[in-house]
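Trainee: Line order of the protein sequences matches chains P and G. Using the numbering used here, you'd call the opening residue of the first sequence number 1 and step up by one each time. Using the numbering used here, you'd call the opening residue of the second sequence number 1001 and step up by one each time.
Honestly, the hints are just simulated from the structure, not real lab data. Keep in mind that the hints are not guaranteed to be accurate.
[Unchecked claim] Where chain P lies over chain G, by a calculated footprint (3+ residues, C-beta under 8 angstroms): (1) 1037 to 1044; (2) 1061 to 1068; (3) 1138 to 1145; (4) 1236 to 1248.
Cβ coordinates follow ideal geometry from the N, Cα and C atoms, glycine included.
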Amino acid sequence: MPLISLASLTKRYGDVLALDGLSLDLEPGIIGLVGANGAGKSTLIKILLGLLRATSGEARVMDLDVRTQGPDIGRVVGYMPEHDCLPPDLTATDLVSHLGQMSGLPRAAARERTAEVLRHVGLYEERYRPIGTYSTGMKQRVKLAQALVHDPRLLLLDEPTNGLDPSGRDEMLELVRRTGTEFGIAVILASHLLGEIERVCDFLVALDAGHLLRAAPLRSFTERTGVLAIEVEEGQDRLAAALSAQGLEVVRDARLVLVALTDQRTYDTVRDTVVDLGLPLVRIEPRRHSLEDLFRDKATAA
Amino acid sequence: MSEPSGGQPVAASDSQPTVASGPGGSIYDLGYQGYHGLRMPRRAVVAALFGQTLRACYGIGRGARAKIAPFALAGLALIPAILAVGIAALIAQAGPAGSRLDSFSPIHYYTYAGAIAVFVMLFCAAQAPELFGRDQRFGVLPLYFSRALARTDYAVARTGGLMVGLLLMVLVPQLLLFVGRVLNAPDPGTGWGLESPNLPPILLQGLLTVLLLGGISAAIASHTPRRAYATAAIIAVFIIPPVIVGLV
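Construct the complete structure from the given sequences, taking the supplied hints into account.
Mentor: See the structure below:
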């Protein structure tokens, strides 16, 4: 049973297609949902939660239909919205335990879980203060805590690091990573920052203007875009020509010659070619392409 | 919750606290615990939201300031009943002449709803926006609708909470009046015999009042997240039609 399965899911706002026939099956894991603002990430999450209705197509979460089984999905899913969602006059304890009850926990259990989960996100004495007095970082933690209070099987996090400073970002991402890896809760993390996804996720879904750009394990992205950068003081053209003559994919980039890294033999070929041509070599460096290239390539292709 | 979360192997193997530090302080993670206890059915969730709404009607579970308006208004609605019970006690001591005195008393079951109508309307204007606008104002609704209840469940629980809260405010004074009159009769048996025919109309009138005023104010309050607008609109709707009727 897949965690999430979408079948030609479409969402239209007037003339704008927010999601354009998305079909996809996702297995449990830490899944990054990446795309520019307006790519359809939030729309997809809200449809999965039953907060929005799809225009057409089908979506199932843990084999539950989002159109008809919303409350059942609500029991096993935790949602951290992107926007502000905390009443300032309530304390974190009161809010989180009330929301725990709303997810189906008995009253006493909700209070107990609230204390545990607020501790898990790093809130201690503050939890008895009204949320209005909290910093942005603390508010984000309360938002994560309310998503975790009922021990969900799936967490849907919409831009969880919004508004955080760099150290707050690091701590939030670390919390998300630990929650996903150590406690076996599947996570879908929506972000427009590829760096965040790269650090936390093991599977990546890339959306662009409502289309599925790619869905694959994160490893495959970095493997396939592996590149060897060779810097020589002169003779870049000769080197590039010699390497492509040997069947390698070669790109010139200013002083650098970039070679697609297919396997370990590529290193030998490059070394031997440089030696044969007698070029003054500065360095050979495997360049782990970041996910940004995924989008840059797409942009140049378009 | 017969079995708390103790038996979770993941948590047990992870009992070593990990520390993440940053300039803002440190996070000590004592480990996340799963939950394997009881989970309530959907109607229990709706009942919990109804209970929370009923308490919030009177500011219970909120700060001290949230209690001032509802308790003051409910208290004002209670004063005529307390006075009337006192009058009934005096009348009882006056003996046979009492029945004539009773007819001079301005407070009767049939005048009660009119006497406290202003307080009930102000209660609606003060509390309905609190119950229906807050969640919109602070963006909390998505947190409810992504949980174990549907939108209609939310509406039913909130509206029901407001109506029952209003019903308490309307009925408690009249029931106090009723009990006072029964006990002030020469003996409770005859008192009950004399007063009990009044009960069904009291209940029916209370119910109708609450359905009308509660329904109107819930409908208005759920249309705006702005508290002041909702309060003004509810007062306007309650006050303007009678004025127009008076002019015509």
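Trainee: Could you run down the list of hints and mark each one as holding or not?
Mentor: Results for each hint:
no.: 1; hint: 1037 to 1044; result: holds (count 7)
no.: 2; hint: 1061 to 1068; result: holds (count 4)
no.: 3; hint: 1138 to 1145; result: holds (count 7)
no.: 4; hint: 1236 to 1248; result: violated (count 0)
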